[in-house]
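Okay, here's what each chain looks like letter by letter:
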Amino acid sequence: MNIVNAILEKLKTMGLLRNSNALFKAGIIIVAGIIILSALAPLLTPYSPIVGTGDELAPPSLKHPMGTNNLGYDMFSRVLYGARTVLTVVVSATLLSMAIGVPLGLISGYYGGKVDRAISIVMDSMYAFPSLILALAIAAVLGASLINAIIAIAVVYVPTYFRMVRGQTLSIKSLLYVEAARALGAPDSRIITRYVFPNLLPTVLVVFSMNIADAILTEAGLSFLGFSVPPPTPDWGADLRAGHSFMLAGYWWLVAFPGLMIMLLATGFALIGEGLSDILNPRREAVG
Amino acid sequence: MTLLKINNLKVYYYTRRGIVKAVDNVSLAINKGEMIGLVGESGSGKSTLGLSIIRVLPPQAKIISGSVIFNGTDLLKLSEREMRKIRGKEISMVFQDPLTSLDPLQKIGDQIVETILEHEPNISKQEAYNMAKKALQEVGIPPDRIGNYPHQLSGGQRQRVMIALATVLKPKLIIADEPTTALDVIVQDRIMELLSALKKEYGMSILFITHDLALAAERSDKIAVMYAGHLYEYGSSSDIVNKPLHPYTKGLIESIPDVFMRKEIKEIPGQPPDLTKPPSGCRFHPRCPYRMPKCSREEPPILQVNGRLVKCWLYS
Amino acid sequence: MVLLSVSNLKKYFPLQKSFIEQVISRRKQYVKAVDGISFIIREGEVFSLVGESGCGKTTTGRLIVRLETPDSGKIVFDGKDITFAKEKELRPLRRKMQIIFQDPYASLNPRMTIGDAIAEPLIIHGIADKREAKEEALEMLKSVGLTPPELFYKAYPHQLSGGQRQRVVIARAMILKPKFIVADEPVSMIDVSLRASILKLLMRFKKDFNLTMLFITHDLAVARLISDIVAVMYLGKIVEIAPVGELVENPLHPYTKALLSSVPTIVPQMKRERIILKGDVPNPINPPSGCRLHPRCPLAIERCSKEEPKLKYVGNNHYVACHLL
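If you read the protein sequences in the order shown, they are chains A, B and C.
First residue of the first sequence: 21, per the working numbering; consecutive thereafter.
First residue of the second sequence: 3, per the working numbering; consecutive thereafter.
First residue of the third sequence: 314, per the working numbering; consecutive thereafter.
With the rest of the complex left out, here is chain A:
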């Protein structure tokens, strides 16, 4: 908590934070908690997530806190190691998405013209697709693997960053301090890097965290349909896929725990995003 508070204090001086709030802190706790737990996985469970324990379809007990699935894998272990898979895919995909979408949005928004219109049309068409269906299409073409899952998800979210960055660039571009920089003689490159981009960052950060929440769900969907990492790699969506046919027979723990984890992680990131949004855009208090 102290590290979190120290970082928040520094951001406050920089004018990025007016005050931290409960949403943000709650989100950080959830996400940090999951990351730490999955990092400590080897210490927390003696079982491997991809080796059968001999105990099939065992309900939750002291030995197997989240039970085992039909292949005898310990669910608790699969949940902990699964977090690593999900986080790796989702964070890499989102970062890749940003690396493409943000610069494209900046250039497109700043310079405008025919290039902007062309790129915007492509991005808008991509954006019109429901994310899961688009990811599915790409993953189906590329084939199921970790890298391909990352690429598929990354491509899906490029338009999100592009549109947001382009929109913000358009509005920042016409702000007075940008004009003032131009009047000082600043070249475009400097204006983009030192005036536009740093003022985009808060919004990019908010979108980043909301985006990861969305990407978690997309990844879960992809792997539920069998287009993400191949089995037996631990992955929550894959567990849903494997376990859903057993649900009606009463083996609820095969899907409940992975499902809950998906929800929890997505919610954690969403809370961070909401909290960040509140912090970075505080409501003004009027004093007469």
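A couple of the hints might just be wrong.
[Unchecked claim] Calculated pairs, DSSO-like style, for lysine-lysine (alpha carbon to alpha carbon, straight line, at most 30 Å): (1) C:K492 / B:K265; (2) C:K399 / C:K387; (3) B:K64 / B:K12; (4) B:K268 / C:K519; (5) C:K323 / A:K193; (6) C:K399 / B:K265.
[As the list claims (entries may be wrong)] Negatives, chain B to chain C, calculated, CB over 10 Å: (7) Y16; (8) T102; (9) L119; (10) E122; (11) K136; (12) Q139; (13) Y151; (14) Q154; (15) S156; (16) Q190; (17) L254; (18) K265; (19) K296; (20) N308.
These are calculated hints, taken from the structure and not from any lab test.
Owing to the predicted nature of the structure, the values given are computational and were not obtained by experimental measurement.
The C-beta atom is built at its ideal place from N, Cα and C for all residues, glycine as well.
Chain A is fixed; fit chains B and C onto it per the hints.
Only chains B and C this time, still in chain A's reference frame:
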């Protein structure tokens, strides 16, 4: 004859930064048929004082103590329902920005009629419309524009509509909070002419809140100077402008350029204070060229000097 | 020596039309913000452009520093014709010509420290490296009265008050020791008791660096204090130019007279002939024919609605555009 008497009013704002002592023990009397210019910079508390009279303060503001006696009644003790009977009819308000104070979705005539019928339910709608037309005419808006929406009028015209709204029921007191600040100087002059004319015609009193000392001086009978939540000088306009007593008033006059005098202007050193931690004693003392040790220790009393009120140790 | 010369400058802004409006009427409509103005500013002069909102004074300021491109006319700065110059040609000139805006809150990059903001012009023009720029910025902070300079150097704009921010803006404009500054309403958004110090700062810089200034304001009192020459604008046109004392004591154009009779003053006995204009300022999309003031002018004659008056010299460095003279 005293129309309104504010006694020891304290209004504080409760904000995240702390308690802002916006109006701290201010007393002021307004007589019948007088225009009082309440002059101060932003943060002086002048708007808060005006809003407190008709009790339309924002939620984080609290009236801590004091009384506002109007026609023998303490307005601060009235219920919201009783206040509503007074607002618009006995005391009305004109705000700075007519764009946001007028309902953009209602025709201007309808807005005036609504106000009339609120307070005089026994008047027929037709009669109310006639009153509205007459009110518009009086403020210089051709009555055929009664069906216009606010956005179809210019800034000056919208402000006239606000004045029509505020005067249609012939209130005894109008509180005008920076009514001309957003307007150009020629339009401002005409609006001030209008206010002066209405005041003369109907014997209304006007509390004219502004940061423009020259504007207040030109039109008002009396001027009250506020700084950092306190009232520091109160007297006739000509006295205040020609022979200012309080160092802040003096400093203000010396720092304002004037069209007809190419004089040297002198700055008032320092900054207006943070009202969550106001200076001890006299709140102006950190910036005062005449300060004495006493000024930082004790808050000066309000003294009567030459027919006006001054809050300053120099005159005790 | 003439530093800036503006001839017949025009800038029209096309009106944004909705789709239906575009279908119905093909004809484009323009806001005639600046409609043919001419004036010169000599080295070392403070030239004020005075007028009410919408008269085109801010647009004029922006045209002169080429934040906008004129539609027609000529701007000659320091001997160079910059009317249609491209950004590449303009960049070296920006060392000599700077602009200060009205809004101290919006003029500064919220993500840049004060020190970086002030040093920025030196870095942009490659005049100094980071270390030298920092030293110069600290000096500049001292000379605009923001002390201790080290503290302000590291601060961010949101930590400063409006008056302090405006000082930063002035410091940033002055660090290149420009020849010419356009000041667009530099104190309108500053508290009354703090305006004097900002104005005095500008006046001190003007003296110390022999600055030439184009000072844009709606406040005649400020114009009186700071100017040498005043030009009065109305609806995109200049109606009168005169040395400031002459303008106030001997106004000739009815609009100037109307302004002077409306301005609040603590010496109202000095107000002369009171001219009252009827109505409101008309729409700059369809300005009145002939003299733009004629529908509102109490002294208008028939000629005023037909023929546009030209700026005429009437002696004493005084020019008026009015048929009555």
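Now the hints, each set against the structure:
{"no.": "1", "hint": "C:K492 / B:K265", "in the structure": "holds, 26 Å"}
{"no.": "2", "hint": "C:K399 / C:K387", "in the structure": "holds, 14 Å"}
{"no.": "3", "hint": "B:K64 / B:K12", "in the structure": "holds, 8 Å"}
{"no.": "4", "hint": "B:K268 / C:K519", "in the structure": "holds, 18 Å"}
{"no.": "5", "hint": "C:K323 / A:K193", "in the structure": "holds, 25 Å"}
{"no.": "6", "hint": "C:K399 / B:K265", "in the structure": "violated, 43 Å"}
{"no.": "7", "hint": "Y16", "in the structure": "holds, 23 Å"}
{"no.": "8", "hint": "T102", "in the structure": "holds, 18 Å"}
{"no.": "9", "hint": "L119", "in the structure": "holds, 30 Å"}
{"no.": "10", "hint": "E122", "in the structure": "holds, 32 Å"}
{"no.": "11", "hint": "K136", "in the structure": "holds, 21 Å"}
{"no.": "12", "hint": "Q139", "in the structure": "holds, 16 Å"}
{"no.": "13", "hint": "Y151", "in the structure": "holds, 17 Å"}
{"no.": "14", "hint": "Q154", "in the structure": "holds, 12 Å"}
{"no.": "15", "hint": "S156", "in the structure": "violated, 5 Å"}
{"no.": "16", "hint": "Q190", "in the structure": "violated, 7 Å"}
{"no.": "17", "hint": "L254", "in the structure": "violated, 6 Å"}
{"no.": "18", "hint": "K265", "in the structure": "violated, 8 Å"}
{"no.": "19", "hint": "K296", "in the structure": "holds, 24 Å"}
{"no.": "20", "hint": "N308", "in the structure": "holds, 19 Å"}
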